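Q: The lines below spell out each chain.
Number of protein chains: 4
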Amino acid sequence: MQKLLEKIYLTNKEAISKGEKASYIPALAKVSDSLGLAVRDHSSIYTAGDTEFKFTFQSISKIILLLVALQDSNTEDLFNHVGMESSGDSFNSISKLDFTHVIKPYNPFINSGAILVASLIKGFSYQEKLKKITSLCETIFQRDSISFNEEVFTSEKNSAYRNRALAYLLKEKNILKGDVEEILDLYFKCCAIEVNCIDLANLGYFLSINKHSTIPNKHFQIVKALMLTCGMYDYSGEFAVKIGLPSKSGVSGGIVTCVPQRMGIGVFSPRLDSKGNSILGIKCIDELNKALHLNIFR
Amino acid sequence: MQKLLEKIYLTNKEAISKGEKASYIPALAKVSDSLGLAVRDHSSIYTAGDTEFKFTFQSISKIILLLVALQDSNTEDLFNHVGMESSGDSFNSISKLDFTHVIKPYNPFINSGAILVASLIKGFSYQEKLKKITSLCETIFQRDSISFNEEVFTSEKNSAYRNRALAYLLKEKNILKGDVEEILDLYFKCCAIEVNCIDLANLGYFLSINKHSTIPNKHFQIVKALMLTCGMYDYSGEFAVKIGLPSKSGVSGGIVTCVPQRMGIGVFSPRLDSKGNSILGIKCIDELNKALHLNIFR
Amino acid sequence: MQKLLEKIYLTNKEAISKGEKASYIPALAKVSDSLGLAVRDHSSIYTAGDTEFKFTFQSISKIILLLVALQDSNTEDLFNHVGMESSGDSFNSISKLDFTHVIKPYNPFINSGAILVASLIKGFSYQEKLKKITSLCETIFQRDSISFNEEVFTSEKNSAYRNRALAYLLKEKNILKGDVEEILDLYFKCCAIEVNCIDLANLGYFLSINKHSTIPNKHFQIVKALMLTCGMYDYSGEFAVKIGLPSKSGVSGGIVTCVPQRMGIGVFSPRLDSKGNSILGIKCIDELNKALHLNIFR
Amino acid sequence: MQKLLEKIYLTNKEAISKGEKASYIPALAKVSDSLGLAVRDHSSIYTAGDTEFKFTFQSISKIILLLVALQDSNTEDLFNHVGMESSGDSFNSISKLDFTHVIKPYNPFINSGAILVASLIKGFSYQEKLKKITSLCETIFQRDSISFNEEVFTSEKNSAYRNRALAYLLKEKNILKGDVEEILDLYFKCCAIEVNCIDLANLGYFLSINKHSTIPNKHFQIVKALMLTCGMYDYSGEFAVKIGLPSKSGVSGGIVTCVPQRMGIGVFSPRLDSKGNSILGIKCIDELNKALHLNIFR
Numbered sequence: 001m002q003k004l005l006e007k008i009y010l011t012n013k014e015a016i017s018k019g020e021k022a023s024y025i026p027a028l029a030k031v032s033d034s035l036g037l038a039v040r041d042h043s044s045i046y047t048a049g050d051t052e053f054k055f056t057f058q059s060i061s062k063i064i065l066l067l068v069a070l071q072d073s074n075t076e077d078l079f080n081h082v083g084m085e086s087s088g089d090s091f092n093s094i095s096k097l098d099f100t101h102v103i104k105p106y107n108p109f110i111n112s113g114a115i116l117v118a119s120l121i122k123g124f125s126y127q128e129k130l131k132k133i134t135s136l137c138e139t140i141f142q143r144d145s146i147s148f149n150e151e152v153f154t155s156e157k158n159s160a161y162r163n164r165a166l167a168y169l170l171k172e173k174n175i176l177k178g179d180v181e182e183i184l185d186l187y188f189k190c191c192a193i194e195v196n197c198i199d200l201a202n203l204g205y206f207l208s209i210n211k212h213s214t215i216p217n218k219h220f221q222i223v224k225a226l227m228l229t230c231g232m233y234d235y236s237g238e239f240a241v242k243i244g245l246p247s248k249s250g251v252s253g254g255i256v257t258c259v260p261q262r263m264g265i266g267v268f269s270p271r272l273d274s275k276g277n278s279i280l281g282i283k284c285i286d287e288l289n290k291a292l293h294l295n296i297f298r
Numbered sequence: 001m002q003k004l005l006e007k008i009y010l011t012n013k014e015a016i017s018k019g020e021k022a023s024y025i026p027a028l029a030k031v032s033d034s035l036g037l038a039v040r041d042h043s044s045i046y047t048a049g050d051t052e053f054k055f056t057f058q059s060i061s062k063i064i065l066l067l068v069a070l071q072d073s074n075t076e077d078l079f080n081h082v083g084m085e086s087s088g089d090s091f092n093s094i095s096k097l098d099f100t101h102v103i104k105p106y107n108p109f110i111n112s113g114a115i116l117v118a119s120l121i122k123g124f125s126y127q128e129k130l131k132k133i134t135s136l137c138e139t140i141f142q143r144d145s146i147s148f149n150e151e152v153f154t155s156e157k158n159s160a161y162r163n164r165a166l167a168y169l170l171k172e173k174n175i176l177k178g179d180v181e182e183i184l185d186l187y188f189k190c191c192a193i194e195v196n197c198i199d200l201a202n203l204g205y206f207l208s209i210n211k212h213s214t215i216p217n218k219h220f221q222i223v224k225a226l227m228l229t230c231g232m233y234d235y236s237g238e239f240a241v242k243i244g245l246p247s248k249s250g251v252s253g254g255i256v257t258c259v260p261q262r263m264g265i266g267v268f269s270p271r272l273d274s275k276g277n278s279i280l281g282i283k284c285i286d287e288l289n290k291a292l293h294l295n296i297f298r
Numbered sequence: 001m002q003k004l005l006e007k008i009y010l011t012n013k014e015a016i017s018k019g020e021k022a023s024y025i026p027a028l029a030k031v032s033d034s035l036g037l038a039v040r041d042h043s044s045i046y047t048a049g050d051t052e053f054k055f056t057f058q059s060i061s062k063i064i065l066l067l068v069a070l071q072d073s074n075t076e077d078l079f080n081h082v083g084m085e086s087s088g089d090s091f092n093s094i095s096k097l098d099f100t101h102v103i104k105p106y107n108p109f110i111n112s113g114a115i116l117v118a119s120l121i122k123g124f125s126y127q128e129k130l131k132k133i134t135s136l137c138e139t140i141f142q143r144d145s146i147s148f149n150e151e152v153f154t155s156e157k158n159s160a161y162r163n164r165a166l167a168y169l170l171k172e173k174n175i176l177k178g179d180v181e182e183i184l185d186l187y188f189k190c191c192a193i194e195v196n197c198i199d200l201a202n203l204g205y206f207l208s209i210n211k212h213s214t215i216p217n218k219h220f221q222i223v224k225a226l227m228l229t230c231g232m233y234d235y236s237g238e239f240a241v242k243i244g245l246p247s248k249s250g251v252s253g254g255i256v257t258c259v260p261q262r263m264g265i266g267v268f269s270p271r272l273d274s275k276g277n278s279i280l281g282i283k284c285i286d287e288l289n290k291a292l293h294l295n296i297f298r
Numbered sequence: 001m002q003k004l005l006e007k008i009y010l011t012n013k014e015a016i017s018k019g020e021k022a023s024y025i026p027a028l029a030k031v032s033d034s035l036g037l038a039v040r041d042h043s044s045i046y047t048a049g050d051t052e053f054k055f056t057f058q059s060i061s062k063i064i065l066l067l068v069a070l071q072d073s074n075t076e077d078l079f080n081h082v083g084m085e086s087s088g089d090s091f092n093s094i095s096k097l098d099f100t101h102v103i104k105p106y107n108p109f110i111n112s113g114a115i116l117v118a119s120l121i122k123g124f125s126y127q128e129k130l131k132k133i134t135s136l137c138e139t140i141f142q143r144d145s146i147s148f149n150e151e152v153f154t155s156e157k158n159s160a161y162r163n164r165a166l167a168y169l170l171k172e173k174n175i176l177k178g179d180v181e182e183i184l185d186l187y188f189k190c191c192a193i194e195v196n197c198i199d200l201a202n203l204g205y206f207l208s209i210n211k212h213s214t215i216p217n218k219h220f221q222i223v224k225a226l227m228l229t230c231g232m233y234d235y236s237g238e239f240a241v242k243i244g245l246p247s248k249s250g251v252s253g254g255i256v257t258c259v260p261q262r263m264g265i266g267v268f269s270p271r272l273d274s275k276g277n278s279i280l281g282i283k284c285i286d287e288l289n290k291a292l293h294l295n296i297f298r
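Those protein sequence lines, which keep their order, are chains A, B, C and D.
Anchor point for the first sequence: position 51 equals 51 in our numbering, and the numbering is continuous, going up by one each time.
Anchor point for the second sequence: position 244 equals 244 in our numbering, and the numbering is continuous, going up by one each time.
Anchor point for the third sequence: position 246 equals 246 in our numbering, and the numbering is continuous, going up by one each time.
Anchor point for the fourth sequence: position 125 equals 125 in our numbering, and the numbering is continuous, going up by one each time.
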C-alpha cells in the first residue's frame, strides 16, 4: 500500500500546477500548489506527499454538520426540512428553490441544504453549537483541538452574497428558523476548519466502519448514501459510474473517500476542474481504485 | 429465505389494493391487483405470491437498452450522447433539455436518455436491433422466446405525445440521429416486453454477478451505479438512503434489485406511489433488506 | 365626468369586501375596505368615494425611482443594469436571475429591477437620495411634504426576506453596487410613502402630458411604455389587451393609469386578485375606459 | 413622405450585407441582400427600394392566424387556450410549457401559441381552413390570389423538429385538439405565404384603421396590444420603449408596424440581429419614427 501511494504520488506530482484554484474568495486562490495522499485501514495509516499541508474543510464539513444535526433531530424530522435527492444543478443553485412545488433544499450537500442542516443543530448559544461540531472533529481526527483559518472565515462571511441570498430565501419560505446571520456564521466557521489529508483519511475510515458510541449505524449509512449520490457536486453521477465510492469534495481541493468496512482515503490538491473537484484528487482516487478494485458496484 | 419471502408476502398481500395504478395508458390501469416476490441467489430461486403473473417491462427495459447500446458503442462515445447525472426532475421532464447549456439528456434512465440510448443500438434494420434486445432478454430470463403485450405497445405508440415531443426535441438538438418514429417504435416495443417477477429476479442476479461472455465487468458496474443514483425516478436518492441497493422501477409495478455478488430480487405489485414506484414493491424490498442486512453502505 | 365617476363608484362600492388583502406584512392586511376614484384632466380634477383615504405607495413608487434614476444616469447606462422586457414570471421571482445567461433583472418594475434602479440613484448620503425622491413626489402631488407609514416601513424591513435574497443575489452577480441594507432601506422607504387616490391621479396626469422643466420627453415615454408592458405584474399583457392604457399597480390596492396627452386616473381599493392587482381598481378603470374610449390601440 | 422614405433608404442601403440571415432552413439563408420600405396612409402609398422583392410571411402570419381564429371562436374561449402575456423567453422556447402551473402557451405570437391558434381555426377540411387565411390575405393585400413558396414550406415541414416537439407537448397537455401533422401543415403553409413590403404596409394600415365589415373593433385592439407587448420576440419590451409602435417581425426579415388611426409601415431586409429581427428594418422604422413623432406613448 505504501509503495502504491508513493507511486501514485510520483506519477501525479508533476501536474500539480494544472487547472484553476477556487477564486471566489482571495484566500483560497493564493494556496500553494501541492499534492497529499493518505489511506487509513484497519491496521495502519499510509501517506505520500504533502500530508501535513493545512487547508480549509469547506464543503467536506457538510458531513460533520449532518452527523451532528442527525443526533439533534430524529431522522424523519430532519428530512422533512431537507431532501435526499440529487438536484441536477450546481451546488449553489438558487433557481429551484424558487419553484412553488420545491418546498425544501434538494439534499444536505448543496449549500442551501447544508445551511438548513446547520440551523437544525441545537444549543443554547452559537458557542455551544460550534462546540458540538469541533468535538466530533476532535474525535474523528484524533486531535486535542481544532483550529480555524480566520482569514478564510472573514473572507467568506463578507463576500458570500449567494449563500446569504440562499439563506434569506429559505427564511422567506419559512423552512429556516432562527437568526440568518448566526446560522451563516456557524456554516462559514465549519468551512474554515483547518484539516490535512490525514484528517480526511481518518474521516473516511470513521465513516467506513460504522462504529461510534453515540452515532447509530443508520446515520453512517445515510451519510455514505448521500456521499455517493450527491457528494461530488454535479459530477456525482459520473464519479459513481467511474469510481463507485462514497466521496465528498471541497472547493479548497480536498476529497474524502470511504471504502465501506475497509478503509478511508484523504487526498488534497488545490487545482479544480470546472465542476469544482480537485483534478489530481480524482485522478489519484481513480488510480487507487483501479489498483485495489474498491468499487462498491463490483 | 423461502420462509422469509412467504412471511413478507403474507403480511403485505392485504394491502394490494391501496394506491393508484398507472393510468397514462388504459392498458396499464386495468391490470389486476397482485403481489409477487422472487429472489435468486447463487444456489437457488425462491418465490412467493403471484410469481407467474405477466406484466410489461416498461422502464426496467432501459437497463437492457443500455447494456445493448454499450456493446454497440464504446463507453466514452455513448456518454458523449447521454449524461450520468441524476436530473433532479421527474422521469419525463422536458424543460431542462431546452436550456442551452444542457446538451444531452441527464442519464440513460429518464425517458429522453433511454430514447437516445435506443438510437445508439446498431443494426441494418429495426428487426435486427430488436433481435439484439430480445436475445439478451432470453439469455437473462433463461427462456426460449420473448413475448410482447401488443395492446400496450399500440396504446403507447398512439398516445405517447410527451415521448414524441422529447424525441423531436433531441432531433432538433441534433443529438438524436435516425428516424424518430422507428426509434420510438423500438423504445415502445421494449417497454411492452412481458415479464414476471422471476424474470426480474434473474435480471437482478445477472447484474449482481458481473459474469457474461461478451459483456465486460465495467458495463455491469455502470448499470448498477446508475440504478443506485437514478433507478427509482425522483425517489432514487431517498431509496439509496433508506435501502441502499441498486434498483430499477417500472410504471407497470415491477422493481428489480441487485445485491452485488450475492443475489437478485424481483417484485411486482401494480399500485404506485406519487413518484411512480410500486408501493408494496418498495415495502417488500425494505423488509427483505432489514431482515438480511443487504444495504451496500454497511 | 363627475357623474360618470359617481356612477362607477356607486355600482362598485358594494363589492369592496370581496377578495383578499395583501397579507405578506400585517400592516397591509388590516387596512379598512374602501374605494376611491380620481381623474385629473387638463381642466379639472374629479373624484368619488374615499378619496382622502391614505394608503402606502408600494410598487407604484417604482415609477418615481425610475424617473429619479434616469436623471442620475444616462438612459443607456441605466438599461445596461436593468432590462426592458417583461419577465413572464411573478414580480418577486428569483429563479431567472440564477440563470447564467440572465445578467440583469428583466425590467425596472419587478422587485429585483426596482432594487437595482434604487441603487443607481446618486447622492452623498441616504438622506440626500431620499430627498430626491420626496422632492419629485411633492412636485407631482402638489404637496408641501411627504409622509411615511413607519409601521409599514419597519414591518417590510424586518420581514422582506425575499427582497433581501434578491438584493444579495444581485450583489453576488456584481450588478448591484453599494451597501445592500442601505439600498433596501431606500426601496422600503419609498414603498411606505403615504398617498391617496388624488395623488395617483396627479401622478397619472403628470406622466400623460410629458411636461417638466428637467425631465426630458423621452423619460416619460420610457416610463409609459414600461407601464404598458410590465406595470400590472403578470397580468400586464391581459390588461394591455383588455384596457390598453399604461398603468402601474401596487399591492396596497392602488392603481395609477395614464391616458397619453389627456388625463391621469387614480383608484384605490385594497382587495386584490391572485395576481396582486386591486379587483375593484381594475373594474373601475375598465368601466371608465368603456365609457370614454380611452384605449391607446384605437 | 416620399422624400423621407428615399432618404432613409439611401442612408441605409449600404449596410444591407451586415448581420446574419436566418439559417435554420436553407431556403431562408440564400435570399439576396435587399432593402425595401413602404408606407400606406389615408391618402396614398409611398415606397423606396426593393419593394417588389418577394419574401415569406413567416411569423408575421401569426397576425392573420389570430384574426381568423378570433372570428371562429369567441374571444374568451380563444384566450382560455392561449395566454396574453409576454413569456420572457425566446419565441420557440419549450421549457415553460413543461411546468405544471403553465397550462397554456404564453401568447399567440410565440410558436407554441400560434400553433395552438391555428388549431382553433374551424373548417371541414384543411383546404377550407387554409382558404379562410388566404381570403383574408387577399382582402388585406388587395390582390386576387396568394402564392406560396413551396420550397420554404417543404423545408420547414421536414426540418421543424422543435415546432413538432412543441405541438406534441401541447397535445400531451390536452390543450391542442385535432391532428398534429395537419395543424403543423397549416402553420407552415401560412409561414410560406409570399409577400412584399407593400403587402406589409397594407397589413399595417388595415390594422391601424380598425375598419372591416366582419372583424369587430375589439379584435383589432387585441392584435395591436399583443404586437406591442410580444410582437418583436424577446426584444418586444425594448422596441416598445425605444419606438413605441405595435409591430410584428418575421425571421425572413420583414416587419409590419401600425401607427394607430394614421398609417401602416412595411419594411424588408433579410439580415437579422441576435433576437431574430431585421437589423435595417428596425433602423428604418426608428428613423421614420424620429422624423414623424409616431410613438404612441407621446
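It is possible that part of the hints are untrue.
Just so you know, same-sequence chains aren't split out, so a pair can sit in one copy or run between any two.
[Claimed, not checked] Under the rule of at most 30 Å between Cα atoms (straight-line distance), these lysine-lysine pairs were calculated in the DSSO-like manner:
id: 1; residue 1: K177; residue 2: K283
id: 2; residue 1: K177; residue 2: K290
id: 3; residue 1: K177; residue 2: K54
id: 4; residue 1: K157; residue 2: K13
id: 5; residue 1: K218; residue 2: K18
id: 6; residue 1: K18; residue 2: K211
id: 7; residue 1: K122; residue 2: K157
No lab work stands behind these hints, which were simulated from the structure alone.
Just so we're clear, the structure is a prediction, and the values are computed from it rather than from any experiment.
Q: Work down the list of hints and note, for each, if the structure agrees.
A: Checked hints:
no.	hint	result
1	K177 - K283	neither (41 Å within a copy, 34 Å between copies)
2	K177 - K290	neither (45 Å within a copy, 35 Å between copies)
3	K177 - K54	neither (34 Å within a copy, 35 Å between copies)
4	K157 - K13	neither (33 Å within a copy, 53 Å between copies)
5	K218 - K18	between (40 Å within a copy, 29 Å between copies)
6	K18 - K211	neither (39 Å within a copy, 39 Å between copies)
7	K122 - K157	both (22 Å within a copy, 28 Å between copies)
Comparing the model with each earlier hint shows violations of hints 1, 2, 3, 4 and 6; every other hint is respected.
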